[in-house]
Amino acid sequence: MSIKLIYLFSFVLLPGLVLTSAAEAADPSLVLYLPFNEGAGEPKDFSAYDNEVELVNDPLWVDGKYGKALEFDGTNYVRILINETLQLRESFTVEFWVQREEPQPATWNYMVAGGTLMWAVIVNADQNVYVWTRSGGTWGQRLVTTVPLTTDWTHVALTYDVGSGVALYFNDEKAGEGQTPPIVDELDDSIMVGARTPGQEFFSGIIDEVALYNRILTLDEIRTDMEAVGEPWPYAIGPTPSEGTLLEDTWVSLAWGAGDFAISHDVYMGENFDDVDAGAEGTFIGNQTATFFVAGFPGFAFPDGLVPGTTYYWRIDEINDTEPNSPWKGDIWSFRDRK
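Numbering (our numbering), first residue to last: 100 to 438.
If you're looking for bench data, these hints aren't it; they were derived computationally from the structure. The reader is advised that the hints may include incorrect statements.
[What the hints assert, rightly or not] Listed next, the in silico DMTMM-like pairs over lysine to aspartate or glutamate satisfying Cα-Cα at most 25 Å (straight line):
1) Lys273 / Glu326
2) Lys143 / Glu276
3) Lys428 / Glu342
4) Lys273 / Asp376
5) Lys143 / Asp162
6) Lys428 / Asp365
7) Lys428 / Glu201
8) Lys428 / Asp348
9) Lys143 / Asp373
[Said to hold, decoys possible] Between beta-carbon pairs, the in silico distance windows are:
10) Ala377 / Ala224: 30 to 40 Å
11) Glu347 / Ser128: 27 to 37 Å
12) Glu347 / Gln226: 18 to 28 Å
13) Gln240 / Pro331: 35 to 45 Å
14) Phe396 / Leu318: 35 to 45 Å
15) Asp172 / Lys428: 24 to 34 Å
16) Glu347 / Ala389: 23 to 33 Å
17) Ser352 / Asp376: 42 to 52 Å
Remember, it's a predicted structure, so these values are computed and weren't measured experimentally. Note that CB positions come from ideal geometry on N, CA and C, so glycine has one too.
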């Protein structure tokens, strides 16, 4: 469930209102949202700002708190390049779900961090969570939790405001607080999940549902975001084979996980990304209830077989004619026949 989709569902209940894109329904203060539900390939930012997201050293796609998530092994991380929207320095909120492993790779293990030691939410070898920031060139501790971070799924929320203080919550219960903090120095490089810039002091465990706001959320808002996990996810997820797979054969069996509202699925496939994205003539394979299809055999799509050396693109749109938001257009996935 996307935090953005909470807003989307609340908006579409208003009579006569038509949304041309999900981003129109998003809270503009939500400057980064990574639900990690893709299950393959690069994650997408579901905030209105569409920040570019990069996986470094291949964290694993695994089952998360809801849907999919990313598992970090102490060598990999997620990187989002800093831009003006992500300059979170005076008032901001950081939220995510985490299931840490024990032991951790280092003494200080960075779960989510901004810039090169500008601000960070860190789990220490003592199992407590610390918040550190850099202000006036000095790197300093702003709070430490009074209770440890367990190995159970935990919703972590940091609120940081130069006028009202800094606090950290586990599962909507205050776990630590500090005095009124200073303005954070200007962020450089990137936002990181699973490590700190430039790729050090790694975290080990699973992280899901990362959200950054350019304001502090109230406790009720934090609770709303936390409880949103488990709400329906309408998009197709978890492509098989995974994004970018190299095939050894001239046929393929494609499968995916259905969106929560789907009654049937529109299948698109072709050799041109833009054509598949647009649903151009010749790319629509058909509508079906099954969550798999075969291509490259007589009697199926591409009956003469897949062409060696060719990249193929495919897309699944989820269909439910009783739902006003149907169809839910899927991401473009790809594979390549390398024979």
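Do the hints match the structure? See the list:
no.: 1; hint: Lys273 / Glu326; result: holds (16 Å)
no.: 2; hint: Lys143 / Glu276; result: violated (32 Å)
no.: 3; hint: Lys428 / Glu342; result: holds (17 Å)
no.: 4; hint: Lys273 / Asp376; result: violated (45 Å)
no.: 5; hint: Lys143 / Asp162; result: holds (17 Å)
no.: 6; hint: Lys428 / Asp365; result: holds (9 Å)
no.: 7; hint: Lys428 / Glu201; result: violated (39 Å)
no.: 8; hint: Lys428 / Asp348; result: violated (29 Å)
no.: 9; hint: Lys143 / Asp373; result: holds (18 Å)
no.: 10; hint: Ala377 / Ala224: 30 to 40 Å; result: violated (52 Å)
no.: 11; hint: Glu347 / Ser128: 27 to 37 Å; result: violated (48 Å)
no.: 12; hint: Glu347 / Gln226: 18 to 28 Å; result: violated (46 Å)
no.: 13; hint: Gln240 / Pro331: 35 to 45 Å; result: holds (40 Å)
no.: 14; hint: Phe396 / Leu318: 35 to 45 Å; result: violated (57 Å)
no.: 15; hint: Asp172 / Lys428: 24 to 34 Å; result: holds (33 Å)
no.: 16; hint: Glu347 / Ala389: 23 to 33 Å; result: holds (24 Å)
no.: 17; hint: Ser352 / Asp376: 42 to 52 Å; result: violated (23 Å)
Checked against the numbered hints above, the structure violates hints 2, 4, 7, 8, 10, 11, 12, 14 and 17; every other hint is satisfied.
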